Amino acid sequence: MTAPAIELKGISKAFGPVQANKDISISVQPGTIHGIIGENGAGKSTLMSILYGFYKADAGEIFIKGEKTLIPDSQAAIKAGIGMVFQHFKLVENFTVLENIILGAEDGAMLSTSLGKARKELKHLAEEYGLNIDPDAVIENLSVGHQQRVEILKALYRKAEILILDEPTGVLTPAEADQLFRILDRLREEGKTIVLITHKLREIMDTTDTVSVMRRGEMTATVKTADTSPEELAELMVGRKVLLRVDKVAATPKETVLDIKGLRVIDEKGVERVKGIDLHVRAGEILGIAGVAGNGQSELLEVLGGFAHGTGVIEVNGAEIPLTGHGADGQARRAAGISHVPEDRQREGLIMEYSAWENTVFGYHRDPAIQNGILMDNAGIQAEAQEKMDRFDVRPPNPKLAAKNFSGGNQQKIVLAREIERNPDLLLIGQPTRGVDIGAIEFIHEQIVKLRDQGKAILLVSVELEEIMSLSDRVAVMFDGHIMGERDPAQTNERELGLLMAGITDTSAVADSGDGASEEALNDG
Amino acid sequence: MDKMPKWADIVLIPLISLFLAAFFSALVILAIGESPIEALKLMIDGALMRSSGWGYTLYYATNFLFTGLAVSVAFHARLFNIGGEGQAMIGGLGVALVCLYVPWPHWSLAILGASVGAACFGALWALIPAYLQAKRGSHIVITTIMFNFIAAALLNYVLVELLRPVGAMDPASAKFAAATHLPSFQDMFSTAETPMFRGAPANVTFFLALAACVFVWVLIWRTRLGYEIRAFGQSETGAKYAGISPVKITVVAMLISGGLAGMMSVNTTMGETERLILNSTEGAGFIGIAVALMGRNHPFGVFLAAILFGFLYQGGAELALWTSIPRELIVVIQALVILFTGALDNMVREPVEKIFIAMRRRNT
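Going down the list, the protein sequences come from chains A and B. Residue numbering for the first sequence follows my numbering, starting at 26 and increasing by one per position. Residue numbering for the second sequence follows my numbering, starting at 10 and increasing by one per position.
Since the hints were made in silico from the structure, they are not lab data. Predicted, not measured: the structure shown is a model, and the values here were computed from it. Where hints are given, some of them may not hold.
[Unchecked claim] Lysine to any residue pairs mimicking SDA-like chemistry, simulated, CA-CA at most 20 Å apart:
#, chain 1, residue 1, chain 2, residue 2
1, A, Lys184, A, Asp210
2, A, Lys81, B, Ile366
3, A, Lys425, B, Thr232
4, A, Lys429, B, Thr246
5, A, Lys225, A, Arg183
6, A, Lys300, A, Lys429
7, B, Lys257, A, Asp392
8, A, Lys429, B, Leu49
9, A, Lys279, A, Gly264
10, A, Lys425, B, Thr246
[Said to hold, decoys possible] Under 10 Å between C-beta atoms, here's a sample of chain A residues computed to sit facing chain B:
#, residue
11, Ser37
12, Ala39
13, Arg358
14, Glu383
15, His390
16, Gln396
[Claimed, not checked] Here are the in silico distance ranges between beta carbons for each label pair:
#, chain 1, residue 1, chain 2, residue 2, range
17, A, Glu92, B, Gly146, 40 to 46 Å
18, A, Arg144, B, Tyr140, 51 to 57 Å
19, A, Ala404, B, Met58, 42 to 48 Å
20, A, Lys294, B, Ala183, 55 to 61 Å
21, A, Asp83, B, Leu353, 23 to 29 Å
22, B, Gly146, A, Phe40, 47 to 53 Å
23, B, Thr232, A, Ala357, 18 to 24 Å
24, B, Gly292, A, Asn403, 48 to 54 Å
25, A, Glu131, B, Glu359, 31 to 37 Å
26, A, Lys294, B, Leu171, 20 to 26 Å
27, B, Met58, A, Asn65, 58 to 64 Å
28, A, Phe40, B, Tyr140, 42 to 48 Å
Virtual Cβ for every residue (Gly too), placed ideally from N, Cα, C.
Turn these sequences into a full structure, and let the hints steer you where they fit.
Written as structure tokens, this is what we have:
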């Protein structure tokens with residue numbers, strides 16, 4: 026048996042009182058795809074940062090190809106043949122592909138020699154791994170999927186034998202993700218070792234050879250992917266049995282609550298983000314908006330929530346709401362019966378420095394019921410916050426703790442508690458489970474369905490297709506500011522929605538014709 | 010979990026920073042060839058051991074309280090108001106106009122009128138940079154600094170051309186009427202047998218400054234406006250989501266800030282000089298920045314820091330009087346305090362945090 030490509034022995038790392046990694050040992054065989062799965066905060070990224078030289082482990086040893094290796098910084102990691110593709114790309118936007126690839130790996134002071142060498146090498150790599158890309162294209166003009174390829178090429182150019190990918194599909198369409206996985210397969214065939222970090226069970230099941238599960242800083246299991254199931258992995262991640270599917274009865278929609286006609290949104294840079302869409306949501310149903318991030322869904326929510334301007338007509342309960350000028354702000358929207366769980370709870374939904382109780386009235390702080398003369402009724406708000414936190418199972422149930430000290434899931438529960446308990450007619454909810462652990466996802470989904478069953482209208486925006494499919498009563502797909510189509514989640518599949526998300530409306534024609542057609546269409550990007 | 014208890018953040022870290030600043034100041038004094046211990050003795054003796062010394066210390070502290078609070082309020086909205094100096098100057102103009110042109114029957118009414126005048130003029134001077142920031146995105150640091158210069162030039166013009174009594178050589182207004190003269194600490198606390206605060210400029214405005222501390226505390230932590238100001242300061246995107254208007258908060262926070270800075274002039278112009286003179290602010294607007302930094306933008310912290318800086322000011326004057334140490338040394342000490350409490354905050358903070366974390370781990 027050959028030596029493992031990577032072997033970690035007894036790695037521990039603490040950040041202050043938090044033990045991010047506890048005595049972790051793992052061994053990755055060369056020429057395999059090894060998945061690392063775990064909830065947010067389980068310590069996956071910390072472990073990989075140690076391997077890449079960003080953090081120094083408090084204890085433990087690293088062996089690369091059987092040899093004990095010290096990795097004090099990323100230069101040492103590159104030297105040891107480790108390449109990393111980050112979740113947020115580290116590319117210079119206005120440089121070309123070639124310039125980005127040689128960045129930090131230039132030979133000598135003159136650029137032209139390096140560029141020439143890189144051009145040849147890039148051609149070679151493209152042939153070897155099927156990573157086609159125009160070396161002279163400027164990064165900002167490339168699709169996200171292609172930018173990711175540049176990141177991979179960057180690592181390969183630096184002679185990486187081991188490639189670490191951190192949540193690589195977070196920003197990709199399903200089709201782009203499929204392409205990425207084909208590239209990874211190819212790399213594996215060529216003998217590269219790949220470590221895939223993700224929280225998506227399906228990706229693990231589809232692509233990896235072995236999988237390690239992390240929970241609260243510990244490695245709870247390493248199993249062969251073929252010998253496990255999503256249910257078992259989920260249980261290993263959370264530490265208890267988890268319901269992966271949402272339990273709900275069929276919707277009984279009633280009158281239209283939200284009616285959008287010809288909505289257009291132009292952002293601050295003058296780019297048209299929403300290009301004339303029509304939508305309606307009825308009482309007692311969940312309308313899901315699927316789409317890859319950045320196709321206008323955020324702007325749609327922002328206009329509805331009152332913090333971006335738009336043109337067109339939006340009616341709530343039959344009354345038109347203003348889209349610009351006076352009355353087009355969050356306060357007016359709340360008065361009109363719209364609650365909003367924003368996409369980014371850390372920048373929008375919560376004030377991170379505020380305590381939990383202060384956050385439970387954020388946006389509703391002008392409500393006369395919580396005023397005490399000219400002062401705010403802080404004692405009353407605190408008492409009520411305690412009750413809300415108990416009802417929504419926020420842990421720890423301490424209203425005086427600052428929002429930043431709660432985990433992602435518990436932060437989201439604070440936002441949900443605030444918005445749902447206002448008893449709105451319409452709930453806008455963006456990325457309800459982004460950065461939320463599986464256990465909390467279950468709870469959050471239950472709350473959304475419960476609100477629907479109380480006869481409220483819900484507009485759900487999520488980039489997690491699975492979430493859209495399992496929660497929504499109707500699914501609309503957004504691409505490039507347009508609604509590409511609407512589907513019944515019971516009668517569609519991820520593949521069809523994936524094509525719509527990539528802007529291909531003619532799904533009937535390509536749905537049956539296999540991989541070829543759709544892939545060609547996507548390759549134009 | 011927070012990394013360390015609140016008391017450590019509020020009390021311990023400023024104290025350590027202060028100690029470091031004092032240590033380096035001592036080195037500077039040594040380098041001049043004087044004894045730091047003698048210097049410290051002299052400062053304490055001159056500023057704190059006699060009631061007249063306290064009278065000066067508290068007089069300066071009153072100025073720093075107003076300007077420190079002004080910087081704090083703006084800072085809660087993440088606005089860095091460097092214009093306290095100019096706002097205080099223009100506030101002085103407000104005080105002068107109110108005192109010169111209104112026939113006040115009694116000082117108690119006059120101080121209310123002068124406060125309103127000072128606050129309005131100071132607020133007005135902050136309004137233009139605030140508007141430019143809110144609507145045009147002109148950075149408030151730049152505009153408030155420029156407005157300090159404009160204020161100085163404007164005051165010069167007004168004093169020389171408009172308010173100077175006919176025949177006077179001095180660029181200053183006429184003396185205010187006797188009815189507007191504020192009782193000094195000497196008037197208030199001296200008895201026939203024991204004169205107190207003799208000759209010192211501290212006056213009843215000090216209590217106005219204390220009231221301003223309470224006002225700011227209530228405003229920031231107990232009212233809806235304070236809630237919105239802090240929310241906007243922490244996260245502008247969050248504020249927009251909640252329907253809090255960034256324009257409104259920027260303008261309102263700066264108006265309050267400018268008003269507080271302006272009120273400093275009640276102390277200097279009405280309480281001390283009893284007429285409007287050039288440069289009555291003496292840099293107090295800038296000291297306010299250090300006071301707010303050191304006081305962690307909390308009124309109680311600002312109070313302590315203002316007293317400290319009052320002590321440094323008065324002690325520094327004593328040093329200049331009795332030793333070869335120049336008065337400018339106080340500027341050096343202030344700079345060191347600002348450096349250690351503001352710019353090098355993390356240098357002290359991180360080791361202290363580490364100690365607390367280590368202690369906690371040992372306990373668990």
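Hints, verified against the model:
Restraint check: the Cα-Cα separation between Lys184 of chain A and Asp210 of chain A comes to about 18 Å, which is no more than 20 Å; the hinted pair holds. Of the supplied pair hints, the one linking Lys81 of chain A and Ile366 of chain B holds, its CA atoms being roughly 18 Å apart against a limit of 20 Å. With a C-alpha separation of about 18 Å, the suggested pairing of Lys425 of chain A with Thr232 of chain B holds against the 20 Å cut-off. With a C-alpha separation of about 16 Å, the suggested pair Lys429 of chain A and Thr246 of chain B falls inside the 20 Å cut-off, and the hint holds.
Using a Cα cut-off of 20 Å, the hinted pair Lys225 of chain A and Arg183 of chain A is violated, with the two alpha carbons roughly 29 Å apart. Distance restraint check for Lys300 of chain A and Lys429 of chain A: the Cα-Cα separation of roughly 36 Å exceeds the 20 Å cut-off, and the hinted pair is therefore not satisfied. Restraint check for Lys257 of chain B and Asp392 of chain A: satisfied, since their Cα atoms lie roughly 19 Å apart, inside the 20 Å limit. For the hint pairing Lys429 of chain A with Leu49 of chain B, the CA-to-CA distance comes to about 43 Å; that exceeds 20 Å, so the pair is violated.
At most 20 Å may separate the alpha-carbon atoms for a hinted pair to count; Lys279 of chain A and Gly264 of chain A exceed this at roughly 40 Å. Note on Lys425 of chain A and Thr246 of chain B: the hinted pairing is violated, with a Cα-Cα distance of about 23 Å set against a maximum of 20 Å. With a least beta-carbon distance of about 14 Å to chain B, the hint placing Ser37 of chain A at the interface is violated under the 10 Å criterion. Hint status for Ala39 of chain A relative to chain B: holds, with the closest Cβ pair at about 9 Å, below 10 Å.
With its C-beta approaching chain B no nearer than about 7 Å, Arg358 of chain A sits inside the 10 Å limit, and its interface hint holds. For Glu383 of chain A, the shortest C-beta to C-beta distance to chain B is roughly 7 Å, which falls under 10 Å, so the interface hint holds. Hint on His390 of chain A holds. Least Cβ distance to chain B is approximately 5 Å, under the 10 Å limit. Against a cut-off of 10 Å between C-beta atoms, the interface hint on Gln396 of chain A holds, since the closest Cβ of chain B lies about 7 Å away.
Judged by the Cβ atoms, the range 40 to 46 Å given for Glu92 of chain A and Gly146 of chain B is violated: they are separated by roughly 56 Å. Against the hinted window of 51 to 57 Å, the Cβ-Cβ separation of Arg144 of chain A and Tyr140 of chain B comes to about 54 Å, which satisfies the hint. Between Ala404 of chain A and Met58 of chain B the beta carbon distance is about 45 Å. The supplied range of 42 to 48 Å therefore holds. A beta carbon spacing of about 57 Å between Lys294 of chain A and Ala183 of chain B agrees with the range 55 to 61 Å that was offered as a hint.
At about 28 Å, the beta-carbon gap between Asp83 of chain A and Leu353 of chain B stays in the expected band of 23 to 29 Å. Taking the beta carbon of each, Gly146 of chain B and Phe40 of chain A are about 37 Å apart, not inside 47 to 53 Å as hinted. For Thr232 of chain B paired with Ala357 of chain A, a C-beta distance near 22 Å keeps the hint of 18 to 24 Å intact. For the hinted restraint 48 to 54 Å between Gly292 of chain B and Asn403 of chain A, the CB-CB distance of approximately 38 Å leaves it violated.
The supplied range of 31 to 37 Å is met by Glu131 of chain A and Glu359 of chain B, whose beta-carbon atoms lie about 35 Å from each other. In this structure, Lys294 of chain A and Leu171 of chain B break the distance hint of 20 to 26 Å, their C-beta atoms being roughly 49 Å apart. Checked against the hint of 58 to 64 Å, the pair Met58 of chain B and Asn65 of chain A passes, with Cβ atoms roughly 60 Å apart. The hinted range of 42 to 48 Å is satisfied by Phe40 of chain A and Tyr140 of chain B, whose Cβ atoms lie roughly 44 Å apart.
Going through the hint list in order, the structure does not satisfy hints 5, 6, 8, 9, 10, 11, 17, 22, 24 and 26.
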